[in-house]
Amino acid sequence: MNSQIFHPFVLPFVLGMAFVLTYCLVGLIRVIAQLPKDDRKKFWRSLVTPKTAWANIRDLFGDCLFHVKIWKRNPVLGYMHSAIAFGWFMIIVIGHVMLFTLKPLQGIEVEGLQGMFTNFYYPIFFKYFAEETPVFAFLMDFFLLMIISGILIAVVKKIHSKIVGVKRVMHFGFADSLIRFALWTIFPFRLIAEKTNIMAFWWLYSIDLLIFMCMLPFTRYMHIPTEALFILLRHAGIKVTEPRKGYALAELYACPSCGLCIDACPMSVNNKMSGNTSAYFMKKLRNKDTEESQRIAETCLMCGKCVKICPVSIESCDIKFSQRAATPYYINSDHSYLNDISTESEKSHKTLYFAGCMTQLTPKIMRSMKQIMEVAGEEYQFLDENGGICCGRPMMLSGKTAEAQAMVAKNTELIKQSGATKLVLSCPICYKVFKEEYHLEGIEIQHHTQYIDELIKTGKLKVNKGDVNYVYHDPCELGRAFGVYDEPREVLENVGNLRKAKSEKELSICCGGSLGSFTLTQQERDQVTENSVNDLMFNNPDEIVTACPLCLKTFARKSPVKVKDIAEIVAEKL
Amino acid sequence: MDFGFCLSPSSHVKMDSIDLTTFNRLKETNPDVNTCIACGSCTATCTAGNFTEMSFRRMLLMLQRGKEDEAKKMIQRCMLCGKCTLVCPRGINIRKILLDITR
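Residue numbers (the working numbering), protein chains in the order written: chain A, 1 to 574; chain B, 1001 to 1103.
Simulated from the structure, these hints should not be mistaken for laboratory data.
For every residue, glycine included, the Cβ atom is placed at its ideal position computed from N, Cα and C.
A couple of the hints might just be wrong.
[To be verified] So these bits of chain A aren't anywhere near chain B, every CB distance computed over 10 angstroms:
#  : residue
1  : D38
2  : F129
3  : V155
4  : P217
5  : L361
6  : K400
7  : M407
8  : K460
9  : K500
10 : K502
11 : F518
12 : T519
13 : K553
[As the list claims (entries may be wrong)] In silico lysine to any residue, SDA-like type, Cα no more than 25 angstroms apart, as pairs:
#  : chain 1 : residue 1 : chain 2 : residue 2
14 : A       : K558      : B       : S1041
15 : A       : K350      : A       : Q371
16 : A       : K558      : B       : T1035
17 : A       : K558      : B       : D1100
18 : A       : K158      : A       : F174
19 : B       : K1073     : A       : Y337
20 : A       : K400      : B       : V1087
21 : A       : K562      : B       : V1087
22 : A       : K272      : A       : E315
23 : A       : K400      : B       : R1025
24 : A       : K400      : B       : T1102
25 : A       : K500      : A       : G442
26 : A       : K573      : A       : A556
27 : A       : K457      : A       : N494
28 : A       : K284      : B       : K1096
29 : A       : K400      : B       : D1100
30 : B       : K1067     : A       : K457
31 : B       : K1072     : A       : T401
32 : B       : K1073     : A       : G399
33 : A       : K553      : A       : H439
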């Protein structure tokens, strides 16, 4: 063969590339085959629906190529990742542009099958085989140096992550460390090879590529090809059904193990507990470490913060749910006794108040709500004044969605029977499940923060402004789940001064009392609570205000200042 | 002692002959069951207990007496709402114990 079109050092690259392409193709077919039939139909349809197709294109460019979400989260990391990934992408693109523009000019066109084979590796080793024009040479050097600058930041991050604003990083095993080392050395080798044309460096460059490609399917770098598929599946509206199949499998492989969720997780108060974070869960589940992934799934507080900040938008909580559902807890729930509860109500009112189990434990919230509704002159019915039925969410949190249906059905019956048009809830846990799992057509569901805000805005409720400094804690199931951030803050602005917490709104830290976790011990929960309280006390408020009875009870144990529910505060200022 | 003259069946439990494997296994996985002081806070707040005879305190006692079937039957009523765990003065993770009993 002509020395201008072939040299044995291209073989390692060709081998690696062939392997990785085959693996990805098989993986793609496997994931799509594992999808339930309806989901598969949904997937195909989403590809041609203009709306989802546009969302696909937007996110493929925004997330896969420009890494917008990482830039937003941390610009240094954004540059680091973009420099490497976008730079590499550009080098491949420019290589191909050169292939089709320069190669014919220099008269080294090869026909047929052999030509296709040549085109396969030509852009990767272009400088060895042909001459670059000055413009292309500049572009290639520019992007190559950009990649190397990104690698330098990565090396700094590895040595001392706090410089780039990352407190805790993932700990990797041998395979992940080796492939990372291969990735870091690919580009310096290429630069040296191009500039000096020493054969050894061309070989090293090619062998590095072989190592990277061969290890890619078995390490976190599998996120490079999988993320694209994951974006398509996500936009198709597919939900997780089984922890390691179909959509969930795509999610597992799309997780880059970047570890951003480790710093975000409320449990990361010490090194030991930071092993309970989503990044480790995804890694363990991917490696089929069932015992460990089960343990993390049961420990998780399900606050949803990792999902909110994830640069890939992986819904790890859904996978944890399905993992819980896949392991049966052998309580054979029998809630038939619920059928015997009478559903007769005395008279119908427009507003129905459902306090919920947790509020039963904090009677001051119930008292305040009663007072507020009476002062506002609202006609209401108190559904569970003498104890009600659980909303069903705690049962669902344990993965027993089917068993929870008995409670859902009975509560629905009770609410419909009352003839109300508005349902006011005091507990965000109930709020979430009523919004998502109940079918209450024609009934407006409000949390009491929204309800009080509405009463004040419509002038039904007059409050006096005091000079107490409040800080508001966003309950996970109200804030992150439904974006109810502004209503409680507006209410508090009306009754006093609102101070900011260190982390607010979608970044708020779970109180530590969440029903989501089964196995977290009291001591561990206390550590989470202390951390969250410290965060709230950032601006030295006089009182901590929350809108969840569970947060209230949890904070009260550890807070240096008074903790109150928003309803109590408003009732005080009537 | 039962001489066969009682009107109601004897509730006598022979501690030597009962099977305590479930309770012992539970003690191993959840050592905090040992710290229960049987105060009854869990029972007092129980959502299911409002409608049925569900009582975690009694259930634990049944397990300690080897009445496994009765205990398992009782926890079928549980709604896992977690109020018992919140009010427990000893900080026992009752929800986890309920899930672990029959695992």
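Exercise for the section: Classify the label on A/D38 as holds or violated, using whether its beta-carbon is more than 10 angstroms from each beta-carbon of chain B. Expected result: Given a closest Cβ separation of 30 angstroms, the condition holds.
Problem - Hint consistency between A/K573 and A/A556 [alpha-carbon to alpha-carbon, up to 25 angstroms] - result: holds, 21 angstroms
Exercise for the section: Compute the least Cβ-Cβ separation between A/V155 and chain B, then decide whether it is above 10 angstroms. Expected result: holds, 43 angstroms
Practice task
Report holds if the minimum CB distance from A/K400 to chain B is greater than 10 angstroms, and violated otherwise.
Solution key: Violated, since 8 angstroms does not exceed 10 angstroms.
Problem - Cβ separation check - A/T519 to all of chain B, threshold 10 angstroms - result: Nearest chain B Cβ is 6 angstroms from A/T519, so the label is violated.
Problem - Whether A/K460 stays farther than 10 angstroms from all C-beta atoms of chain B, as the label says - result: holds, 32 angstroms
Problem - Outside-interface status for A/K500 - nearest CB in chain B farther than 10 angstroms - result: A/K500 is indeed farther than 10 angstroms from all Cβ atoms of chain B, at 29 angstroms.
Exercise for the section: Mind checking the alpha carbons of A/K158 and A/F174 for me, to see if they're no more than 25 angstroms apart? Expected result: At roughly 15 angstroms apart (the allowed maximum being 25 angstroms), A/F174 and A/K158 satisfy the hint.
Exercise for the section: Given the hint that A/K558 pairs with B/D1100, test it: the Cα-Cα distance must not exceed 25 angstroms. Expected result: Judged against 25 angstroms, a Cα distance of about 29 angstroms means the pair is violated.
Handout entry: Restraint status (C-alpha distance of B/K1072 to A/T401 at most 25 angstroms)
Key = Status holds; Cα separation ~20 angstroms.
Handout entry: 25 angstroms Cα cutoff - pair A/K400, B/T1102
Key = The given pair, whose Cα atoms are some 15 angstroms apart, holds under the 25 angstroms limit.
Exercise for the section: Could you grab the alpha-carbon distance between A/K457 and A/N494 and see if it respects the 25 angstroms cut-off? Expected result: holds, 10 angstroms
Hint violations for this structure: numbers 5, 6, 7, 11, 12, 13, 17, 25, 30, 33, all remaining hints satisfied.
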